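Participant: Chains D and X, in that order, give the protein sequences. Here the first sequence stands for residues 1 to 290, where the numbers follow the working numbering. Here the second sequence stands for residues 1001 to 1144, where the numbers follow the working numbering.
In case anyone wonders, no lab produced these hints; they're calculated from the structure. Among the hints, a few may not be true.
Subject to a maximum C-alpha distance of 20 angstroms in a straight line, what follows is the list of computed SDA-like cross-link-like pairs (lysine to any residue) [to be verified]:
| # | chain 1 | residue 1 | chain 2 | residue 2 |
| --- | --- | --- | --- | --- |
| 1 | X | K1023 | X | E1053 |
| 2 | X | K1023 | D | P160 |
| 3 | X | K1023 | X | T1092 |
| 4 | X | K1036 | D | R120 |
| 5 | X | K1036 | X | K1023 |
| 6 | X | K1005 | D | P162 |
| 7 | X | K1036 | D | T70 |
| 8 | X | K1023 | X | Y1007 |
| 9 | X | K1005 | D | S163 |
| 10 | X | K1005 | D | T70 |
| 11 | X | K1005 | D | N155 |
| 12 | X | K1061 | X | K1005 |
| 13 | X | K1036 | D | P90 |
| 14 | X | K1036 | X | Q1020 |
| 15 | X | K1023 | X | S1033 |
| 16 | X | K1036 | D | D66 |
| 17 | X | K1023 | D | S64 |
| 18 | X | K1036 | X | L1051 |
| 19 | X | K1044 | X | T1092 |
| 20 | X | K1005 | D | Q31 |
| 21 | X | K1023 | X | R1042 |
| 22 | X | K1023 | X | L1051 |
| 23 | X | K1023 | D | N155 |
| 24 | X | K1005 | D | D228 |
| 25 | X | K1044 | X | L1065 |
| 26 | X | K1044 | X | K1023 |
| 27 | X | K1023 | D | A76 |
| 28 | X | K1005 | D | V232 |
| 29 | X | K1061 | X | M1035 |
| 30 | X | K1044 | X | K1061 |
| 31 | X | K1023 | X | K1061 |
| 32 | X | K1023 | X | R1074 |
| 33 | X | K1023 | X | D1058 |
| 34 | X | K1036 | D | P88 |
| 35 | X | K1036 | D | D83 |
| 36 | X | K1023 | X | W1054 |
| 37 | X | K1005 | D | P230 |
| 38 | X | K1036 | D | M121 |
| 39 | X | K1061 | X | M1103 |
| 40 | X | K1005 | D | H231 |
Given the structure is predicted, the values throughout are model-derived calculations rather than measurements.
Single-letter residue listing:
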Amino acid sequence: MARITASVYTSHVPAIGVAMDTGHTADPYWQPLFAGYEFSRQWMEAQRPDVVFLVYNDHANAFSLDVIPTFAIGMADSYEPADEGWGPRPVPMVPGHGELAAHIAQSVIQQDFDLTLINRMTVDHGLTVPLSLMFGARDPIEGRWPCPVIPFAVNVVQYPVPSGRRCFQLGQAIRRAVESFDEPLNVQIWGTGGMSHQLQGPRAGLINRAWDNAWMDRLIEDPQGLADMPHVEYVREAGSEGIELVMWLIARGAMGDAAGGPPPRVAHRFYHVPASNTAVGHLILEETAR
Amino acid sequence: MPLDKPYRNIPGTTIFDAEQSRKGYWLNQFCMSLMKADNRARFKADERAYLDEWPMTDAQKAAVLARDLNECIRLGGNIYFLAKIGATDGRTYQQMAAGMTGMTEAAYREMMLAGGRSPEGHGRPDKADAPAPGDVPGTQGDTR
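The shape of chain D in the complex, shown without the other chains (with noise of 0.2 angstroms):
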């Protein structure tokens, strides 16, 4: 059967992938941040997984106001990299896995989750700056991602975004789903996001480092605990985009100690601030019971 074997946790800055793109990763600016993301990559090179679930958000890219999904699953073969008013990134189309999306999304809407299915859509800065921060840089033509990904987008856009608690469960079901499936595959699940940062309005560059290191001290310790934080403390300490977050706790309801399993091994953890406008955290969690 199909088995989650890690979760991998980061912010998806869009500028992140911009410094990625132009060849600035060795600058002063950004030299920091890449550096916090070399064990990652060399981690990457050993667990080779077989399919990524990326838990992600739109951000008014392929989702419009026309139709605004809470939880939408991601069941096409590829996705075109999206043109978010700047022209598309340089990075390769991203493939897909719809037998294993299928499966899941019968699965967890069986779990009473509703989830919006999608067989058609580009992917923004949100799917794709993880992967350049996981993967390395890939060329656009040439290059390609070394696995399938299943994108799994989550609106934290328009208010109400769904809760930590719900998407904590959401994670519970995923890991049921993925159990589920027949093939021996090595699957990751990623949320991504946050940390504190709020882009918008007169309060713009709010940042909250020891609100971000206590929020990650418990998404390791205590997520169930965490589950419950409330929406406006979100806002009110990491800002009005730090809402992101609640996204790393589908990821962290996906490990074997949400099921009642032993608790995972930190493999690596990072803090940085700045890029642009926000707080960079990453975490890698392995599960321990193999």
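Please build the complex by placing chain X on the supplied structure of chain D, with the hints as guidance.
Facilitator: What follows is chain X alone, placed relative to chain D:
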């Protein structure tokens, strides 16, 4: 029964909820149209004429023409949609964010390098040492 909106008293912050989204539907859809290169070109050639193709309010059109992003947000705009106007103008998210705070781009960048805007006094109106809601200084007009 009143809806639960506890985020309303956070200063300097407008939460894009269903009510704002309804108000800003056409403003945000206009912004989405700027994802196409030929629409960007048409908008740049005659902004007023391009805006008049959309059933936006006069106030929304005026806010776009003035590049007053704070006013756009008050009128139902959302930053991820409004960013398409910035992209059309060749501006980054950081330049747009700086403009909305009333700071110069250089001062905003320095603030971020120094660790960002502290949450102390900037968003905890329910804590004793915090100022009253609305105390974050706003801007008037053009946020470029």
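Participant: It remains to establish, for every hint, whether it holds in the given structure.
Facilitator: Checked hints:
About 18 angstroms separates the Cα atoms of K1023(X) and E1053(X), which keeps this hinted pair within 20 angstroms; it holds. A hinted pair counts as satisfied when its Cα atoms are at most 20 angstroms apart, and K1023(X) with P160(D) qualifies at roughly 16 angstroms. With a CA separation close to 26 angstroms, the supplied pair K1023(X) and T1092(X) exceeds the 20 angstroms bound. At most 20 angstroms may separate the alpha-carbon atoms for a hinted pair to count; K1036(X) and R120(D) meet this at roughly 18 angstroms.
Distance hint between K1036(X) and K1023(X) is unfulfilled; the C-alpha atoms sit about 24 angstroms from each other, more than 20 angstroms. Between K1005(X) and P162(D) the alpha-carbon distance is near 15 angstroms, which keeps this suggested pair within the 20 angstroms criterion. The hinted pair formed by K1036(X) and T70(D) fails the criterion: a straight-line CA distance of about 26 angstroms is larger than 20 angstroms. Using a Cα cut-off of 20 angstroms, the hinted pair K1023(X) and Y1007(X) holds, with the two alpha carbons roughly 18 angstroms apart.
Of the supplied pair hints, the one linking K1005(X) and S163(D) holds, its CA atoms being roughly 14 angstroms apart against a limit of 20 angstroms. Straight-line distance between C-alpha atoms of K1005(X) and T70(D) comes to about 19 angstroms, which keeps the hinted pair within the 20 angstroms bound. At most 20 angstroms may separate the alpha-carbon atoms for a hinted pair to count; K1005(X) and N155(D) meet this at roughly 18 angstroms. Straight-line distance between C-alpha atoms of K1061(X) and K1005(X) comes to about 28 angstroms, which puts the hinted pair past the 20 angstroms bound.
Distance check on the hinted pair: K1036(X) and P90(D) sit about 17 angstroms apart at the alpha-carbon level, within 20 angstroms; holds. Note on K1036(X) and Q1020(X): the hinted pairing is violated, with a Cα-Cα distance of about 25 angstroms set against a maximum of 20 angstroms. With a CA separation close to 18 angstroms, the supplied pair K1023(X) and S1033(X) stays within the 20 angstroms bound. For the hint pairing K1036(X) with D66(D), the CA-to-CA distance comes to about 17 angstroms; that is within 20 angstroms, so the pair holds.
Distance hint between K1023(X) and S64(D) is fulfilled; the C-alpha atoms sit about 15 angstroms from each other, no more than 20 angstroms. Of the supplied pair hints, the one linking K1036(X) and L1051(X) holds, its CA atoms being roughly 15 angstroms apart against a limit of 20 angstroms. Restraint check for K1044(X) and T1092(X): the C-alpha separation of about 18 angstroms stays at or below 20 angstroms, so the hint holds. For the proposed pair K1005(X) and Q31(D), the alpha carbon gap of about 41 angstroms is over 20 angstroms, so the pair is violated.
Taking the CA atoms of K1023(X) and R1042(X), the gap is near 25 angstroms; set against the 20 angstroms cutoff, the hint is violated. For the proposed pair K1023(X) and L1051(X), the alpha carbon gap of about 16 angstroms is at most 20 angstroms, so the pair holds. Between the alpha carbons of K1023(X) and N155(D) the distance comes to roughly 19 angstroms, so the proposed pair stays at or under 20 angstroms and holds. Distance hint between K1005(X) and D228(D) is fulfilled; the C-alpha atoms sit about 17 angstroms from each other, no more than 20 angstroms.
Under the criterion of a C-alpha separation no larger than 20 angstroms, the hint pairing K1044(X) with L1065(X) is consistent with the structure, at around 11 angstroms. Proximity of K1044(X) to K1023(X) is assessed by CA-CA distance (about 25 angstroms); at most 20 angstroms being required, the pair is judged violated. Only pairs whose Cα atoms come within 20 angstroms are accepted, and K1023(X) paired with A76(D) is rejected, the gap being roughly 34 angstroms. At most 20 angstroms may separate the alpha-carbon atoms for a hinted pair to count; K1005(X) and V232(D) meet this at roughly 9 angstroms.
The suggested pairing of K1061(X) with M1035(X) holds, with an alpha-carbon distance near 18 angstroms, which does not exceed 20 angstroms. Restraint check for K1044(X) and K1061(X): the C-alpha separation of about 14 angstroms stays at or below 20 angstroms, so the hint holds. For the hint linking K1023(X) to K1061(X), the alpha-carbon distance of about 13 angstroms falls within 20 angstroms, and the restraint holds. Only pairs whose Cα atoms come within 20 angstroms are accepted, and K1023(X) paired with R1074(X) is accepted, the gap being roughly 9 angstroms.
With a CA separation close to 13 angstroms, the supplied pair K1023(X) and D1058(X) stays within the 20 angstroms bound. Using a Cα cut-off of 20 angstroms, the hinted pair K1036(X) and P88(D) holds, with the two alpha carbons roughly 11 angstroms apart. A distance of roughly 8 angstroms separates the Cα atoms of K1036(X) and D83(D); the hinted pair therefore holds under the 20 angstroms criterion. Of the pairs offered as hints, the one joining K1023(X) and W1054(X) holds, with about 14 angstroms between alpha carbons and a cut-off of 20 angstroms not exceeded.
As the CA atoms of K1005(X) and P230(D) are separated by approximately 12 angstroms, the hinted pair is consistent with the 20 angstroms bound. Between K1036(X) and M121(D) the CA atoms are separated by roughly 16 angstroms; this keeps the pair inside 20 angstroms, and the hint holds. Distance hint between K1061(X) and M1103(X) is unfulfilled; the C-alpha atoms sit about 24 angstroms from each other, more than 20 angstroms. About 10 angstroms separates the Cα atoms of K1005(X) and H231(D), which keeps this hinted pair within 20 angstroms; it holds.
Figure legend: structure checked against the earlier numbered hints; hints not met, in rising order: 3, 5, 7, 12, 14, 20, 21, 26, 27, 39.
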